[in-house]
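Participant: In case you want the letters, here they are:
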Amino acid sequence: MAQIKVDVRGETCPVPLVEMRKALRKVDQGDIIEIIGTHPASKKEIPMAADALSVKIISDEQIGNEWKIVLQK
Amino acid sequence: MSEKATIIVHSGDLDKIYSALIIGNGALAMGMDVSLYFTFWGLLRLKKGGLNKGALSKMHMLGLGKLMINSRMKKANVASLERLMADFKELGGKIIACEMTMEIMGVKPSDLNEGIIDSYGAVGTYINEARSSAITLFI
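Those protein sequence lines, which keep their order, are chains A and B. Residues 1 to 73 in this note's numbering are what the first sequence lists, from first letter to last. Residues 1001 to 1139 in this note's numbering are what the second sequence lists, from first letter to last.
Because the hints were derived from the structure by calculation, they are not lab data. On a predicted model such as this, the values are computed, not experimentally measured, just so you know. Hints may contain errors.
[Claimed, not checked] With a Cα cut of at most 20 Å, we get these calculated SDA-like pairs of lysine to any residue:
no.	chain 1	residue 1	chain 2	residue 2
1	A	Lys43	A	Gln29
2	A	Lys73	B	Gly1026
3	A	Lys22	B	Lys1089
4	A	Lys22	B	Leu1091
5	A	Lys73	B	Asn1052
[What the hints assert, rightly or not] Some chain B residues near chain A, calculated using beta-carbon distances under 8 Å:
no.	residue
6	Asp1015
7	Ser1019
8	Ile1022
9	Asn1025
10	Gly1026
11	Leu1028
12	Ala1029
13	Met1030
14	Gly1031
15	Ala1076
16	Val1078
17	Ala1086
18	Glu1090
19	Leu1091
All C-beta atoms in this analysis are idealised placements derived from N, C-alpha and C, irrespective of residue type, glycine included.
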């Protein structure tokens, strides 16, 4: 099981969503994707996209102005 | 089969091309299939080197508005149209060029950025896709 990191700190709409989707297309079923970013709307929208794509949300946290979302394909 | 978004890109204005590509990328990212139909002034943005050539739909001020918006967008770290288009293609988005517009405006396939165009079509192609789309927009 692989684990990949996606760093979209400083990126704005729609880049965090797009980079999440690119990463999901590259990994295998069961792999873990950790996304860190700062764009506030994406913190809400990445979990929305994960639901739409039937991807599991492992964790979702805010640390200062950064957020970290962990997904499992 | 996944849900579809079908968007007509009629305007060639810079801000509206941004809207079309941002919405298209968002829909792809959220698991939809997306087709962008470039017609009329929008089609001209598919010409080689034409993606960025549009004026602003408002506040154009002989090009001053565009300079201002470009610098504000750079500051806000907004992705370039080239990057948005490359992402759109990487995520499997389809670009369709309107054949009638090409005829009217005397645009040949070789004038266009053929590498990003998936097909050439007319209104029937659009209706055929739009009737089974969850989202359809005219920009």
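Participant: Each hint: holds or not?
Facilitator: Hints versus structure:
| no. | hint | in the structure |
| --- | --- | --- |
| 1 | A:Lys43 - A:Gln29 | violated (23 Å) |
| 2 | A:Lys73 - B:Gly1026 | holds (19 Å) |
| 3 | A:Lys22 - B:Lys1089 | holds (11 Å) |
| 4 | A:Lys22 - B:Leu1091 | holds (7 Å) |
| 5 | A:Lys73 - B:Asn1052 | violated (36 Å) |
| 6 | Asp1015 | violated (14 Å) |
| 7 | Ser1019 | violated (11 Å) |
| 8 | Ile1022 | holds (5 Å) |
| 9 | Asn1025 | holds (5 Å) |
| 10 | Gly1026 | holds (5 Å) |
| 11 | Leu1028 | holds (6 Å) |
| 12 | Ala1029 | holds (4 Å) |
| 13 | Met1030 | holds (5 Å) |
| 14 | Gly1031 | holds (5 Å) |
| 15 | Ala1076 | holds (6 Å) |
| 16 | Val1078 | holds (6 Å) |
| 17 | Ala1086 | violated (10 Å) |
| 18 | Glu1090 | holds (6 Å) |
| 19 | Leu1091 | holds (6 Å) |
When each numbered hint is compared with the structure, violations occur for hints 1, 5, 6, 7 and 17.
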